[in-house]
Each structure stands twice: as C-alpha cells, then as structure tokens.
Amino acid sequence: MIGQMTTGERQFALAMLIALAVVGLALAVAGHDDPLGGHGTLILLAALAGVFAVGSGYHSPEPGEERLQLYYDDPTKAGIIIAMGWAVLGMFVGDWVAWLFVYPELTFDAGWSSFGRIRPVHTTAIIFGFGGNALIATSLYVLQRTSRARLPDQLSPWFVLFGYNLFCLLAVTGYLMGITQSKEYAEPEWYADILLVIVWVVYFVIYLRTLARRKEPHIYVANWYYMAFILVVAILHIVNNLAVPVSLGHAKSYSSFSGVQDAMTQWWYGHNAVAFFLTAGFLGMLYYYLPLRAGRPIFSYRLSIISFWGITFLYMWAGSHHLHYTALPHWVQTLGMTFSVMLLVPSWASAGNALLTLNGAWDKVRDDATLRFMMVAAVFYGLSTFEGSFMAIRSVNSLSHYTDWTVGHVHAGALGWVAMITFGAIYASVPWLWKQKSMYSAKLVEVHFWLAVVGTIIYVFAMWNSGIIQGLMWRTYNESGTLAYSFVDSVIAMRPYYIARAIGGLLFLIGGIVGCYNIWMTIRMAPRTVGETVAGEADPVLAGTRAIQPAE
Amino acid sequence: MFGFHYRLERKAIGMVLAIVGVASIGGIFEIAPLFTIHQTVEDAPDMRVYTPLELAGRNIYIREGCYACHSQMIRTLRDEVERYGPYSLAVESKYDHPMLWGSKRTGPDLARIGGKYSDEWHVAHLNNPRAVMPQSIMPAYAWLSRTALRTNDLGLQLKAIRAVGVPYTDEMIANASADAYGQAVPDSPHAEGVTKRYGAATNVRVFDGALGTLTEMDALVAYLQILGRLTDAAYRPVAAVGR
Chain V
2 MIGQMTTGER
12 QFALAMLIAL
22 AVVGLALAVA
32 GHDDPLGGHG
42 TLILLAALAG
52 VFAVGSGYHS
62 PEPGEERLQL
72 YYDDPTKAGI
82 IIAMGWAVLG
92 MFVGDWVAWL
102 FVYPELTFDA
112 GWSSFGRIRP
122 VHTTAIIFGF
132 GGNALIATSL
142 YVLQRTSRAR
152 LPDQLSPWFV
162 LFGYNLFCLL
172 AVTGYLMGIT
182 QSKEYAEPEW
192 YADILLVIVW
202 VVYFVIYLRT
212 LARRKEPHIY
222 VANWYYMAFI
232 LVVAILHIVN
242 NLAVPVSLGH
252 AKSYSSFSGV
262 QDAMTQWWYG
272 HNAVAFFLTA
282 GFLGMLYYYL
292 PLRAGRPIFS
302 YRLSIISFWG
312 ITFLYMWAGS
322 HHLHYTALPH
332 WVQTLGMTFS
342 VMLLVPSWAS
352 AGNALLTLNG
362 AWDKVRDDAT
372 LRFMMVAAVF
382 YGLSTFEGSF
392 MAIRSVNSLS
402 HYTDWTVGHV
412 HAGALGWVAM
422 ITFGAIYASV
432 PWLWKQKSMY
442 SAKLVEVHFW
452 LAVVGTIIYV
462 FAMWNSGIIQ
472 GLMWRTYNES
482 GTLAYSFVDS
492 VIAMRPYYIA
502 RAIGGLLFLI
512 GGIVGCYNIW
522 MTIRMAPRTV
532 GETVAGEADP
542 VLAGTRAIQP
552 AE
Chain X
21 MFGFHYRLER
31 KAIGMVLAIV
41 GVASIGGIFE
51 IAPLFTIHQT
61 VEDAPDMRVY
71 TPLELAGRNI
81 YIREGCYACH
91 SQMIRTLRDE
101 VERYGPYSLA
111 VESKYDHPML
121 WGSKRTGPDL
131 ARIGGKYSDE
141 WHVAHLNNPR
151 AVMPQSIMPA
161 YAWLSRTALR
171 TNDLGLQLKA
181 IRAVGVPYTD
191 EMIANASADA
201 YGQAVPDSPH
211 AEGVTKRYGA
221 ATNVRVFDGA
231 LGTLTEMDAL
241 VAYLQILGRL
251 TDAAYRPVAA
261 VGR
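Residue numbers (the numbering used here), protein chains in the order written: chain V, 2 to 553; chain X, 21 to 263.
Because the hints were derived from the structure by calculation, they are not lab data.
One-sided excerpt, in silico: chain V residues whose CB lies under 7 Å from chain X:
(1) Thr108
(2) Ile220
(3) Val489
All of these numbers come straight from a predicted model, not from anything done at the bench. C-beta atoms are modelled at their ideal positions from N, C-alpha and C, and glycine is treated no differently.
Pulled out of the complex, with its shape left as it was, chain X reads as follows (with noise of 0.2 Å):
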C-alpha cells in the first residue's frame, strides 16, 4: 500500500483522479439515492404553494437572516413536539428553495408558528421585541412597516421558481403582483382572485394594521402566519401520511 502511494505521490494527474475519485464517493452514496428513493418525501395532496404576497415575505426572511436564530425543524424528540407541536415532515419544505431548516435557536423555533398568534402580535413584536417580550434579545425589524414591498417583479419571481419545479399555473404568474396586492387589502377588486387561485383558506387580510399600503412588514407577517399550515400532513396519524 506505502509502496503503491510511493510511486502515485510522483504524479500530479494520478493524486487529482484520486482525490476527485475518493472524495466523490460519500456524495454518491447519501445525496443522490434522495432523489430517486420515493419514501424520502411524504405524500401530501393537500399541499398548496406559497402565495406570491408569502413569497415575498419569505424573500425577506432569507434577506435579514432570521434563520440565523429560527429554525424551521422540529425533531423527533418529546419536548420539541410538546414545545413547537408536531414533528416536521420533509413533505412541509418540499417547495423551499432553499430550505430553512436553520442550524440555531437563539430564538424559538417558527415551523408552526403560523396562526399561533395574531397579526397585531407580529406586527408589534417586530417593531419592537421587548414591547411584547421584555427579556427578548432580538433585534428590532421597525422599518419593515415604513418600507413598501417591491411587486412589479413577482411574476419573475414565481416564474423562475417553476424552473425549479413549484408548480406555478400560467395564471399565477400573469397575476402575481395583482395578487399580492389583493391578500393585503381585502376589499380590493384583486382580493377575490387570490382565493380562487390559492384556496379557499388563504389568509386574505391586512396583516400590517395599515389600511391600503403593500408594506413589507405585511408580506412577513403573511408568510409567518402560514408557516406550519401549507399542508396539514404532520397533523394526521404515521400511517395516513403516504408512505
């Protein structure tokens, strides 16, 4: 073995191949069988894709690093579910590009922090976190609401996530800004295609307590509040989940 190494540690093309060769093994063997073994994803019919307006906030998300502090995974473990709720399932992430399943709690875990509080409680833990929390270390995100969200490309947005495989519609695409509009302010003309589009239970609401004005701070409220509740398959007993 020493002698073999003796005479391959005299030739620069035969260590490349080997340490391309050696190296490439583990990868082989536990990333690519993920993607052709069916059981590594969950079944889950009722999953629907975010709505642009959720897009958006998730865009911002990933832009101020909260996942530097938030997981988006709950483990098999008892305190976890009887802290967050139930385990995650990868079915939940499946249209996360990327995903968010975070690497650090300095804060608590968000998996299923949609609808556990109300809009104004975001709104104002945002603004300031120790209004609502005294002891809370995390900083303040108050321009948010003084920031109005960019829509005018959402259709690229949506389209270029399709690359991707989400399953956009056409339809989505071509009405991406007007729907994001629409779930922000209720009473527009928009309003009603966002349901018909994205599902009777969308959240179609103001979400930052101001009236009329696409706000940043009403695009992450609507992607928090949704977290958790894409599909309800960690909800259902293990053996009605496909497997």
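Just chain V, with the same shape it has in the complex (with noise of 0.2 Å):
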C-alpha cells in the first residue's frame, strides 16, 4: 500500500495524519470530562497508527511509471476485505438485538448493552459499515473499467477508505459510550459529521478527475447512479446535520431544527438514505455486475435513463410518508403518499430492466449461485419497492406505522436486495481481483446463497405476521365500544414472531461467516501478481447496450 505510493504522496499523507493526530489530541484534552475526550484519544490513537504505517513503508523503494499502465485495485480489495467485516459485526449485533426482544434480561446490567444503546451500531455497521464500504470498494472498481482509466493518484482512494472506516468506528463506538443525535441513520455527532463530509468531498473528487481522463466518450450508466449515490447523500447528510455543539469540549450538540420542520427534515433524510445510499448506489452495482457475470448486455438503455431520473426526481418527495396523521401539514403528508406510489414506476423499470437482462441466460442464473445472488436482489428489490408504496397509502400506513411491518419492510430491502447485490458482486469481484478462475469454493456459494434466502424469507415472514397482528390489536374495538387490547397484550402476542425473527437472522448470519471463509481461502490460494491492464478496448457486453439500443 504504501509501496505503491511517490515520494510526494507519502509526505502528503505524512501531513495529514500529523493534522489529525492534533485534532484528536485536541478534542481529548478539550473533553476530557466528556465522552468526546475518548473520541478525541481514538482519532489520535488511529492517527498514530496511520503515521507508524507510512513510515515504516516511507524508505521503501517508489513504484515506476509502468504502475500508470494498470488498473489501481488494491484500494478495492481492502474495501471489499473491510465491508466482509462489518457485515459480520453488523450482522451479529443485529441478532443480538434480535434475541433481547425474547430474552430482555441479556443486558448485564449496564449501560453500552442495552436495547437503545446496540441497535444503532447493529444499523450503522450494516448500513454505513458494510454497505459504504462495498459501494466504495466497487464504484472505484466499475469507474475505472467503465471509463477505461486509472484512478488519478495512489493517496486519494486510501484516504477515503480510512476517514470513512475511522467515521464508522467513531459512530459504533460513540453509541456505546452514550454519544447519539438520536436521528436515525444520522446518529453520529457533529465532529464525525465533519470529518464524513471531508471524506465525501475527497471521494467525489476521485470520481470527477477520474471521469475526465476516460476513453469512453460515455459514462455509464452504473457510474450515473453512483454519482447521485455521492451527490445526494452529501446534500441530505449536510442539511439533516445542522446543529450546535454545546462546546467544542462537548459531543454533545442541539439540531438546528426543531418539532414539525425536524420531523420533515429527519424523514427527507431518513427515506433518501434509502434511496441514495440504499438503492442508488447498489444499482450502481447492479448495472454493472449483473450483465457482465450473465454475459448478457443490459436490455434496454432508454429504461436505464427513465428509471434513473424517475428514481432522482420522486424519491426526494416521499419522506413524508413517514409521517401521516401526525402534526406534519396534511397537504405535505398528501404530497408524500401521491410521490411515493408514482416511484412504483421507476423502481420497477430498474427491476424489470434486470430480469429482462437475464433473459437468454437463465440456464447461468440455475447453475450459477453468484449470478443467482443478482437474480433475487432483483426480485427482492421489485418486492419491497412495491411493498414501500403500497406502505405509504395513508390508509395502509394508519395499520403499518409504528408496527413491525415497516421492520419486515426494511429488512426485505437490506437482506434481500442490498445484501444479496452486494455479495453477488464481491463473488464475481474477488476472482476477478484475486486473479482466479473462481471462487475457491463454489460449493460454499450455494450453501451461502440457501441459508441467505432461508433467512431473509423467514425474517420477513415473521415480521409480516407480527406487524399485522400489533396493528390489528391496537385497533380492535370490543363490542361494548372500547379497546380490547392493553398494549402489554400485543407485546405478549408477538413472541413467537420474535423468536422466529432471530433465528431467520441467525441463519442470514451463519451465511456470511461462510462467506468470509470462502472469500479469504480464495485471496489465500491466489498468486502474487501484477494487476490488470488498463483496457485498449471498450468492454464488448457493456458496450453492447449501445450497439443494441442506440439512440435516435
């Protein structure tokens, strides 16, 4: 890693982590009678351990000019590596927390392992651990195969990948010591959203100047989702932030919004993350990964271009959904509902464009679990996108809301289609990379692929039953006029539904530790060489949806 690196990026990269070992040593000494004083010792530790990493590789000898000639993958390859880890941890928490709603007393009487406290370091390590790291590990993968160019420099992937691992250990770690903004899936404080945005500066930087030296005269279509993966999770992660920190000495800060406009402002966020980190990004990785591994170029470009957009424009409207007959103005909430059914259009033009694709090359999809893995994110992605407008209906959503429904709905979403894209692509990638011919056991894939499926059909199962079942007793009228449920009532009810809930998450996790294990054997048998050439010629199965569908 640091071999790879000139003279000039090695004291670059020197500087900037002398830069936040300072940071860190600040925020320690100005917190030390706060949470953050441990935050501010946990930036400086990792900045020490990044100035012991460049310098001890800082005399090795600089890499010739012949690295210019071959892709630049190995940033991707500690991504994937990291993103396999986070799911692990992402994934064993999450059934932790599963187990809690059986077994409450699995707390051991303190504070980090309760309920409240475990459940955002189960979302953030899925969403932002594995996710983030898979979508950045792969989109650096496809921008550079697509534009048939090199990233532009050997320091800029590294720095990404290390601020936005540092970012997540700093979230994880935060809500175990009691540091949260309390807004979902934007819990991490003021001084990690700083250091996020400095990231994503970087990373959209590493895109630009990577597009601007490519050979395609177009730019794919995955790059356009990536690309609105990055810019529009930079707008909403900066607006949904606002706040002021109590002191610089505080983690604590206060939301520059409050009430009925924070409500609005959280939901806007909290949808889009779905949309630009949880669909975007991974049809980014759809549209690149499912027609190379089905050989089979992608059915229909003027699809690609009304999904897209469709996907940019409606998305942004729908968060209000989340809030129906609440104090959110009506006509805010009527907008919202009207949105999100239109976006049914979009999503299932991007599914339906997919399955098409797969069309000449179903007997791959039977014989082959990787391409397999693609196939059911497809379909699970139709699924929930169908499910998530027919949520957003007010009159559905007055039963749905506050019910485990909308858990079973997430979680149809994140195991079935952003798991399931996201290890369909490291299976194809990790041979690619690792230069193999296959994974090192296809066997595993399979037996991977079954529990994944088995897991998440039972999850959402369960969580169906459940949510439907809360909804229906909470609005159950006996015949004398009153409520025949007390709320303990339907806690009681859902027991079973529980129960059943982590063993499908225990199953789903069992997977991706046979996941790991495959992948590593796989980087362990593969020889020690060169990377691959930066490509004379477009690639024929991408460059095929030009050939096929071209443009009047």
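Can you join these two chains into the complex? Each is in its own frame, and there are hints to help.
Have a look at this one:
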C-alpha cells in the first residue's frame, strides 16, 4: 500500500495524519470530562497508527511509471475485506438485538449493552460499515473499467477508505458510550459528521478526476447511479446534521431544527438515505455486475434513463409518508403519499430491466449461485419497492406505521436486495481481483445463497405476521365499544414471531460467515501478481448496450 | 428526449448539475414552506421551556435510545386518542431539538405519559420493568439510580439550545446548575428559584425517592413527568387553538 505511493504522496499522507493526530489530541484535551475525550483519544490513536504505517514503508522504493498502465485495485480489495468484516459484526449485533426481544435480561445490568445503544450499532455497521464500504470498493472498480482510465492517484482512495472507516468506528463506539443525535441513521455527532463531509468531497473528486480522463465518450449507467449516490447523500447529510455543539469540548449538539420542521427534515433524510445510499448506489452495482456475469447487455438503455431520472426526482418527495396522521400539515403528507405511489414506475422499470437482461441467460442463473444472488436481489428490489409504495398509502400506513411491519419491510430491502446484490458483486469480483478462475468453493457460495434466502424469508414472514397482528390488536374494539387489548397484550402476542425473526437472522449471519471463509480461502490461493492492464478496448458486454439500443 | 440524454451523458459536469437540480426540487417544495407558513405550528402562549433538570433527563432519554421503541406522537386516529390521549399538536414539540416523534412502538407511546403514573412507579419500572409489568420486554435501567447527574455544564447546554431558538433567559442560563439541584431537592434554598423562573406548576420534588442526591434517575423521571404537559393546547377545543 505505501510502496505504491510516490514520495510526494507519502509526505502528504504523513502531513495529513499528523494534522489528524493534533485534532484528536485537541479533542481529547478539550473533552477530558466528557465522552468526547474518549473519541479524541481514538482519533489520536488511529492517526498515530497511520503515521506508523506510512513511516515504516516510507523508504521503500518508489513505484515505476509502469503502474500507470494498470488499474489501481488495491483500495477495492481492501474495501471488500473491510466490508465483509463490518457485515459479520453488524449481523452479529443485529441478531443479538433480536434476541433481546425474547430475553430482555441479556444486558448485564450495564448501559452500553442495552437495546437503545446497540440497535444503532447494528444499523450503522450494516448500512454504513457493510453497505458503504462495499459501495466505495465496487464504485472504484467499476469507475475504472467503464471509463477505461486509472484512478487519478494512489493517495486519495486510501484517504477515503481510512477516513470513512474512522467515521464508522466513531459512530459505533459513540453509541456504546451514549453519544448520539437520536436522528435515525444520522446518529453520529457533529465532529464525526464534519469528518464524513471531508471524506465525501475527496471521494467525489476522485470520481470527477477519473471521469475527466476517461477513454469512453459516454458515462456508463452504473456511474450515473454512483454519482447520484455520492452527490445526494452529501446534500442530505449536510442539511439534516446542521446543529450547534454545546462547546468544542462536548460531544453533544442541538439540532438546528425542532418539532415538525425537524421531523420533516429527518424523514426527508431518512427516506432518501434509503433511496440514494441503499438504492441508487446498489443499482450502480447491479448495472455493472449483473450484465457482465450474465454475459448479456442491459435489456434497455431507455428504461435505464427513465428509471434513473424517475428515482432521482420522485424519491426526494416521498419522505413525508413516514409522518402520516401526525402533526405534519396534511398537504405535505398527501404529496409524500402521491410521489411514493408514483415511485413504483421507475422502481419496477429498474427491476424489470435487470430481470429482462437475464433473458437468454437463465441457464446461468440456474447453475451459478453468484448470478442467482443478483437475480434474487432484483426480485426483492421489485417486491420491497412495491411494498413500500403500498405502505405509503395513508390508510395502509395507519395500520402498518409504528409496527414490526416496517421492520420487515426494511429487512426485505436490506437482506433481500442490498445484501444479496452486494454478495453477488463480491463473489463476482473477488476472483477477478485476485486473479483466480473462480471462488475457492462454488459449493460454499451455494450454501451461503440458500442460508441467505431462507433466513430472509423467515425474517420477513415473521415480521409481516407480527406487524399486522400488532396493528390490528391496537385498533380492535370489543362489543361495548372500548379497546379490546391493552398494549402489553400485543407485546405478549409477538413473542413467537420475535423468536422466528432471531432464527432467520441467525441463518443470514451464518451465511455471511461462510462467505467470509470462502473469500479468505480464495485470497489465500491467489498468486501475488500485478493488476490488470488498463484496457484498450471497451468491454463488449457493456458496450453492447449501446450497439443494441442506439439512440436516435 | 433520449437524443438529449445521449449528449448529456457525455458530460460529467452536466450530469452533476442535472442530478443536483432534479434532486433538490422535492425538498424545496416540501420543507422550505414549513418554515414560512404560519399555520404549520399552532400558537400556544402558555407553552413553557424545559427546566435544566428536565432537559438533562431528555438528553438521557436520547442517550439511551428510548425513542427506538417509544414514539411521542399520537396520531389523529380514534384508537390512538382513546388509548393515549388527545392527538399531538406541532406546537408541543416546538422546543424539541431534535424532535423525538419516533418511528416504532415496541413499547407504548409516551407523548402524554406525564402525570399518568407516580414517580415511585417510574423508578420501580425503570429499575426493573418486570417488577411492575411481568410480561414487559423493556431493558432494566437500574444503573441510572446509581449514577450521579452531571450538572456543571447545564448552563452551556441551555446556551447552545438557546442558539438554535429556544427562549431561555440569561437568568435561567446563569442558574441552570442550581435549578437542576433545586428541582429535585425541594427543601433546599435553590428550590424556590425553579418555580420563580419556570412557573408555579413546575414539579419540584424528590423524583428518585432518595433525598439529597441528584441522580440520572431524578432527571429522567422529571422529564417523563412533564411529557405532554408543557402546554394544554391539545386539550382545548380546536377552534380555540390559534390557527
């Protein structure tokens, strides 16, 4: 890693890490009587570890000019390994959280292990740790191939990976210490938020600089989605996290918004974190890996255009469907519902485009579990976007909101769509990256596939059942016109479903561990070879999209 | 249209501007007007701010992630109003930075929990939920009673939340730590200042049952007991609530 950097890059890396160490030290001192002090120390240690790593490789020989002839894939390799690490951690904590619903005493009489603190550890480790690292890793891979251009330098991708994972680490350790903004999926406090903004700017600059040097005249569809992911997440993150810290020695801050405006801003953020982090980015992944693995060009170029702009435009209106029947003005609720229903069009256009691409390659879907992961992902994408539009209808939402149905819906998307497409993309790219013909064991990919599918189905069915029962029990009246059930009656009725959910999650977790083993063994088999030459010719499969569907 | 796109997708900056433009429209139309249309938030002249002790309790509620299982937003549905009380108004959370409306009810809604149970019930319930509700699946928060409340920075906390728009006076900020102590120790000389600054109806009492010590349990119970009681706007006839 250090050996591939030029001397100038090594010096710049050292300078930045020393600056980061100073920031960490300052926070540690200023926040010595606050949880912030712990985070300052953590930042200081991370920076010193970085200084040590760069310093120990500082005098290794500089890379030659021949490096410019090769794609720069080491950050992608690292990103994939880190993503799998976060996946196992996040799924493990997720399943632990699930068992807390069955055995609420599993908290050791301590603050750090109670449900409210470890639940965000689960969501952050999965969404940002697993999902985010997978997106960064694959986007850098896809960007180079579809542009036929190398990354602009050796330092900035490592800066992004290091900074991003420091952000994730600050987030999850913070929750355990009680540091949170309480905004769902935007829990990290002000200093972590600032770090993420800096990382994100560098990430986007990598994109622009690589695209500027591309040999392909057109920017491939996958990159539209990756760009929308980066850009819109930046907008959402900055606006929703506007806050005033108590002092520079406090982790705590107060949101700039309050009450109804804050609720709308938060769910504008929350729903579009789903849209642009968990959908757009992973659609980028799908648009690259699925056609390549199937050996078929994307079914329709025009459908890609319609669905891309439909998603980019319509999703941003949909957040208010999280606030039906609340104190949010009625007109905003209605707008959110209307746009959510319209969203079904571009969503199914994407899912349909993916599935129709497989026409002529269904034999491969049968034989190849990697491609089957991607196929199932597209199916779950279609199912959960339908469910989402349905649940956004006000009268449906009156039943589903506040219940486990929402949790089931989220996991149909997160397990069925996000995780499946990611595993598919990782199983496809690991042999490519480490120069192997295939994964260490195709059978273990099959095992992982079935554990993931069965786990997801158990999970989602359990939560559909519990959610609908909950919603019905809360609104059931007896013959004398009073409410039939107390709240705790509904809690008791949930127990079997909570057990089933935890078992489904456990299966999914075991699948993830099997995947890690398989990836590890594949890497171990790999010879130490140089990377792939920057291609002179466009990829025939991806280029085929335009050959088959020329625009007028 | 496709011809135009065929040219657009050859320009990185063009795509960037188009994405930012197209994605910004929804927020501009849905969020910006909420800050300018007066009817969005009702008028409630009797609305008071949280005392320093209640604010500290609210911060503990946030720290422990209580919002992940308890909403504070009663919807305009018959069964919710009958189960929890009058539906929530926007004004009731206008001093909430951030709001804690929540998104999931693993436990019941807490928007009107204030005054519904005694302090003793809350303390017993937080120490061990299954002691008062055998089928509860809530975690125990017994360590709150063992943890002293940090009060030395409450002035800074009030100052920061004033910076985002909550009308705390200089006097409230200057006396924040003393007021937090006084609210939970009724026979101390600091108790009088609390009602003077925050109103005669403010709860001034030993919340956690242990006299003389100020614990996180005091703060959290003080917060729970004020939920839904900062204003009585929700109990007034609709026409009387300023529109």
